[in-house]
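*Asks:* Sequence:
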Amino acid sequence: MSTVDRTTLNIDRAALARAAALTGVTEKTALVRMGLEALIAKAAAERLAALGGSEPRLRRIPRRRNR
5 MSTVDRTTLN IDRAALARAA ALTGVTEKTA LVRMGLEALI AKAAAERLAA
55 LGGSEPRLRR IPRRRNR
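So the sequence shown is numbered by the working numbering: it starts at 5 and just counts up by one.
Keep in mind the hints are simulated off the structure, nothing from the lab.
There could be a bad hint or two in this list.
Pairs of lysine to any residue residues, derived as SDA-like cross-links and limited to a Cα-Cα distance of at most 20 Å, are as follows [claimed, not checked]:
{"hint": "1", "residue 1": "32", "residue 2": "66"}
{"hint": "2", "residue 1": "32", "residue 2": "50"}
{"hint": "3", "residue 1": "32", "residue 2": "15"}
{"hint": "4", "residue 1": "46", "residue 2": "9"}
{"hint": "5", "residue 1": "32", "residue 2": "22"}
{"hint": "6", "residue 1": "32", "residue 2": "14"}
{"hint": "7", "residue 1": "32", "residue 2": "21"}
{"hint": "8", "residue 1": "32", "residue 2": "7"}
{"hint": "9", "residue 1": "32", "residue 2": "58"}
{"hint": "10", "residue 1": "46", "residue 2": "11"}
{"hint": "11", "residue 1": "46", "residue 2": "61"}
{"hint": "12", "residue 1": "46", "residue 2": "62"}
{"hint": "13", "residue 1": "32", "residue 2": "18"}
{"hint": "14", "residue 1": "46", "residue 2": "35"}
{"hint": "15", "residue 1": "32", "residue 2": "56"}
{"hint": "16", "residue 1": "32", "residue 2": "8"}
{"hint": "17", "residue 1": "46", "residue 2": "64"}
{"hint": "18", "residue 1": "46", "residue 2": "10"}
{"hint": "19", "residue 1": "32", "residue 2": "19"}
{"hint": "20", "residue 1": "32", "residue 2": "69"}
{"hint": "21", "residue 1": "32", "residue 2": "48"}
Please read these numbers as outputs of a predicted model, since none were measured by experiment.
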């Protein structure tokens, strides 16, 4: 279940216009939502990448290769 809060933001007009031009999305709410989702995805990917190779006791996983 998602909750929605109403808030006032100070957003750089040039950045908003550039985001709208690049995405084709003109609704401010949608642009802010997309920006937040992109920020969350980027941070989650960085966090996952930081875990790479962090399990030294993990056995190597056998791979099947077609010849």
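*Asks:* Hints first: check each against the structure and report whether it holds.
*Replies:* Going through the hints against the structure:
no. : hint    : result
1   : 32 / 66 : violated, 49 Å
2   : 32 / 50 : violated, 27 Å
3   : 32 / 15 : holds, 10 Å
4   : 46 / 9  : violated, 23 Å
5   : 32 / 22 : holds, 12 Å
6   : 32 / 14 : holds, 12 Å
7   : 32 / 21 : holds, 10 Å
8   : 32 / 7  : holds, 18 Å
9   : 32 / 58 : violated, 40 Å
10  : 46 / 11 : violated, 24 Å
11  : 46 / 61 : violated, 28 Å
12  : 46 / 62 : violated, 26 Å
13  : 32 / 18 : holds, 13 Å
14  : 46 / 35 : holds, 16 Å
15  : 32 / 56 : violated, 37 Å
16  : 32 / 8  : holds, 15 Å
17  : 46 / 64 : violated, 28 Å
18  : 46 / 10 : violated, 25 Å
19  : 32 / 19 : holds, 11 Å
20  : 32 / 69 : violated, 49 Å
21  : 32 / 48 : violated, 24 Å
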